[in-house]
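Q: Given these sequences and hints, build the entire structure.
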Amino acid sequence: MSGSLQPLRRGRRSGGEDSRELILGTARRLFAEHGFDGTSLRQVAREAQVDPAMVHHFFKGKDELFALSVELPADPEQVLAGVETLDPGERAEAIIRAVLRLWEGPAQHGLVAFVRGTIGSTAKTALLREMVARTILSRVMAGVPGPAGEVRMRGDLVASQMVGLMLVRYVVRLDPLASATQDEVVRMVAPNVQRYLTGELDNP
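Per the UniProt record's numbering, the sequence shown starts with residue 1, numbered consecutively.
Derived by calculation from the structure, the hints in this document are not laboratory data.
Note that CB positions come from ideal geometry on N, CA and C, so glycine has one too.
Please note: incorrect hints may appear among the correct ones.
[What the hints assert, rightly or not] Quick list of the computed label-pair ranges, beta carbon to beta carbon:
#	residue 1	residue 2	range
1	181	77	25 to 31 angstroms
2	46	173	29 to 35 angstroms
3	164	33	35 to 41 angstroms
4	49	191	15 to 21 angstroms
5	179	202	18 to 24 angstroms
6	104	160	18 to 24 angstroms
7	143	105	24 to 30 angstroms
8	153	125	47 to 53 angstroms
9	89	121	35 to 41 angstroms
10	200	71	20 to 26 angstroms
11	89	38	33 to 39 angstroms
12	153	108	27 to 33 angstroms
13	25	82	33 to 39 angstroms
14	82	199	31 to 37 angstroms
A: Here is the structure:
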């Protein structure tokens, strides 16, 4: 009958920017709930009610979809490029200098906004945790000797040192650490990071 409301149509959605954002939002939720390994592209398509081919049309694969879901203002793979090829016993300084170059470059404002937006958000924290484990710690800890559980603990300790450094120096901006030169920061922080990487731990 003319003028009557048409029933809602269910099924696959058509392509377009709206579909891309829908896929991205669905993926962000699923990654936060189930992690990277627990989420498949087919599952994302099903939840978003789109054809799986549309997911592949907009995104190269699950790695790219995950990276865009986290919304990082910089690519950790580029920032840490080459770190995993260094001897684990001499890796701390390179890690710290890479982080300092990133935070004191063009991405600084975006990084500060990202950290502030993540704090207090359960979903964003879950995404960040998954990203740190997969993308950052996998490179930082590559080749570090020891049992798997001990290496994971060492990685967590390295992360705690670096996250604390970034928060205090760039987000809270607590002096004198915020005003220290890069060389001063490296000289003070690198020995502790290196101990976490390869030194003696009281309770590994």
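Q: Give a verdict on every hint.
A: These are the hints, each one checked on the structure:
1. 181 x 77: 25 to 31 angstroms: Because 27 angstroms falls inside the window, the suggested range holds.
2. 46 x 173: 29 to 35 angstroms: violated (45 angstroms)
3. 164 x 33: 35 to 41 angstroms: Because 28 angstroms falls outside the window, the suggested range is violated.
4. 49 x 191: 15 to 21 angstroms: violated (54 angstroms)
5. 179 x 202: 18 to 24 angstroms: violated (32 angstroms)
6. 104 x 160: 18 to 24 angstroms: Because 21 angstroms falls inside the window, the suggested range holds.
7. 143 x 105: 24 to 30 angstroms: Given about 27 angstroms between the Cβ atoms, the range holds.
8. 153 x 125: 47 to 53 angstroms: At roughly 20 angstroms between Cβ atoms, residue 125 and residue 153 fall outside 47 to 53 angstroms, so the hint is violated.
9. 89 x 121: 35 to 41 angstroms: Given about 37 angstroms between the Cβ atoms, the range holds.
10. 200 x 71: 20 to 26 angstroms: violated (38 angstroms)
11. 89 x 38: 33 to 39 angstroms: Check passed, 35 angstroms falls within 33 to 39 angstroms.
12. 153 x 108: 27 to 33 angstroms: The hinted range 27 to 33 angstroms holds for residue 153 and residue 108, with Cβ atoms some 30 angstroms apart.
13. 25 x 82: 33 to 39 angstroms: holds (34 angstroms)
14. 82 x 199: 31 to 37 angstroms: Since the Cβ atoms of residue 82 and residue 199 sit about 23 angstroms apart, the hinted range of 31 to 37 angstroms is violated.
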